[in-house]
Amino acid sequence: MSETRRADGDPELTTYRDVQLSPDFSELRRRFRRFVFPMTGLFLAWYFLYVLLAAYAPDFMSHKVAGNINVALLFGLGQFVSTFAITMIYVRWADKEIDPAAEKMRHLIEGEHQ
Amino acid sequence: MLPLATEIGNPTVNIAIFALFVVATLAIVIRASRNNRTAADYYAGGRSFTGPQNGIAIAGDYLSAASFLGIAGAIALNGYDGFLYSIGFLVAWLVALLLVAELIRNTGRFTMADVLSFRLKQRPVRMAAAISTLVVSFFYLLAQMAGAGGLVALLLGISGRAGQSLVIAVVGLLMVTYVLVGGMKGTTWVQIVKAVLLVIGAGIMTLWVLAKYAFNLSDLLGAAVDKSPAAGEKLLNPGLQYGATGISKLDFISLALALVLGTAGLPHVLMRFYTVPSSKEARRSVSWAIWIIGIFYLFTLVLGYGAAALVGPDAIRAAPGKANSAAPLLAYELGGELLLGVISAVAFATILAVVAGLTITASASFAHDIYGQVIKKGQVSGDGEVRVARITVLVIGVVAIIGGIFANGQNIAFLVALAFAVAASANLPTILYSLFWRRFNTRGALWSIYGGLSSAIILIAFSPVVSGKVDAKTGASLSMITDTSIDFHWFPLDNPGIVSIPLAFVLGIVGTLTSKEGTNIDKFAEMEVRSLTGAGAEKAVQH
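Line by line, the protein sequences give chains A and B.
According to numbering that gives the first Met the number 0, the residues represented by the first sequence are 0 to 113, in order.
According to numbering that gives the first Met the number 0, the residues represented by the second sequence are 0 to 542, in order.
Read the hints as simulated data drawn from the structure, not as lab findings.
Estimated spans, in silico, between C-beta atoms of each pair: (1) B:S453 with A:L43: 20 to 30 Å; (2) A:K95 with B:N9: 51 to 61 Å; (3) B:F490 with A:E109: 47 to 57 Å; (4) B:G517 with A:L48: 37 to 47 Å; (5) A:L43 with B:T11: 47 to 57 Å; (6) B:G383 with A:R91: 40 to 50 Å; (7) B:T518 with A:E109: 22 to 32 Å.
All of these numbers come straight from a predicted model, not from anything done at the bench.
Beta carbons: idealized from backbone N, C-alpha and C, even for Gly.
Use the sequences and the hints to build the structure in full.
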């Protein structure tokens with residue numbers, strides 16, 4: 000890569016472009032997107048299910064489950080549970096699946112710039 | 000019967016506790032500011048905070064007076080419909096966690112505009128992003144200052160407009176002092192201290208309320224229903240506030256949309272990601288923030304229903320701060336004037352810390368984006384920029400004080416929701432497109448930012464929020480313009496999100512596809528590689 004760099008005279012951009020086209024980077028990007036996009040779809044769907052039920056199915060939501068605890072409250076608390084769970088899952092996943100590969104690539108790129 | 004709210008508490012105790020907080024935090028700010036040398040120190044706290052520290056500061060920045068006073072009041076009066084605020088404000092963090100925080104951290108330097116203009120035409124996009132930053136921060140600021148006014152009315156028994164305005168001015172002056180002396184480092188420490196105090200204070204009140212009902216949530220809910228004869232059972236069901244008509248249901252969905260998509264477009268939240276050294280720490284920050292914010296919102300659920308059960312909706316409505324005084328009134332009911340003093344000082348601290356965070360964001364955007372990059376085209380030293388930023392802080396202080404005096408009395412959770420709608424419309428589409436859509440270009444960004452921004456603001460201006468909303472029972476005005484004979488609203492919803500957010504997303508696509516400008520392949524490669532690997536990202540400042 001250092002050869003091309005000298006030839007093109009624009010070291011930084013050549014390198015970034017090369018990295019972007021490399022199979023390792025494509026794999027990293029694919030792995031990242033395959034996790035975050037479906038996860039985003041999932042929690043948004045779950046959130047809007049709650050919102051729409053609250054707006055258009057108040058009778059169902061007002062159904063009492065135990066004492067004064069109704070379906071609506073359980074749905075609301077369910078949003079908290081899912082948010083905490085997704086946070087934990089994502090952090091654990093990214094630490095394991097993204098960081099090592101990203102760090103390796105970063106050392107490669109920054110090492111060559113010096 | 001409760002005594003009249005203007006007579007509750009002891010103003011001397013309240014002021015003493017608050018003064019103690021101000022002195023303590025000022026000492027911290029002065030200490031933290033000793034290492035403020037460069038622009039990275041002033042704007043980004045030297046990028047040397049750890050993930051957990053920044054996570055607590057984010058919680059301190061985010062849990063504004065709207066979260067504490069506004070949501071507790073909304074739940075106390077509107078029951079379950081108030082709970083939507085808590086849920087939307089929390090779930091929104093997943094957008095920031097999964098799609099925005101780390102990528103932004105790796106790509107930008109100081110402001111949101113750094114990222115948005117990264118691979119597009121610098122000056123027009125930066126200008127648009129800076130304007131949007133200033134507008135969103137202004138709306139948010141307005142909400143906080145309005146909260147300060149209401150709180151003061153309650154605590155010091157100042158019901159006169161002039162007295163309240165004076166206190167709003169004092170809050171503004173304090174905020175300017177914090178930011179000028181401490182920069183981002185000082186601001187961050189104020190936010191950390193405040194977040195800890197707020198969570199502890201709300202936690203104690205929550206346990207106290209639950210203990211009164213033998214830790215049986217169902218009994219607490221039952222007591223809230225008994226004390227609210229007007230609402231009755233409906234207090235626990237969805238629809239009390241938004242269920243009346245088809246239009247009001249749409250308003251509920253509009254609010255839900257703005258809340259969940261707004262957070263990741265808030266400039267003062269995005270700027271906090273630059274205070275940590277790496278994307279890994281940015282991820283840890285958000286994770287910490289989500290836990291703290293989530294637990295706090297569970298507290299507000301108890302506090303809201305607790306206020307309904309122990310104080311009662313009539314006493315809350317009669318108090319000078321109306322819905323915003325539910326939490327302080329509950330504190331007084333539980334622990335007398337001492338707890339009221341502590342909780343009020345915490346609420347004041349909350350307002351101060353959030354306002355300081357907004358001020359530094361707005362001043363950074365003006366100095367770094369508009370002055371440094373657009374006017375001076377980058378030919379200005381970091382010191383020159385910081386000097387302009389400091390002058391901007393003074394201007395923002397004046398604007399905030401004047402705006403706060405005007406907004407005094409509005410429900411703050413609601414005002415903040417408007418800021419969220421503007422942020423979700425003007426900022427989020429461009430953030431996501433520039434990170435993930437290769438074809439995206441300058442025209443797409445400009446159409447989306449300006450289109451989202453102006454549609455949100457125009458719809459708010461012609462909504463019932465500004466004019467023409469009348470309480471059906473009392474005939475009193477519920478709008479900002481309190482003269483009921485003035486009515487120029489034609490947009491039926493309070494919150495513009497359901498129209499302006501999709502519109503901004505569509506404008507981004509249409510603008511991009513109708514422009515001949517191609518992708519800057521090299522800059523896009525740099526942005527994509529940097530955002531995912533952290534290569535070439537700004538490093539922490541070494542002292």
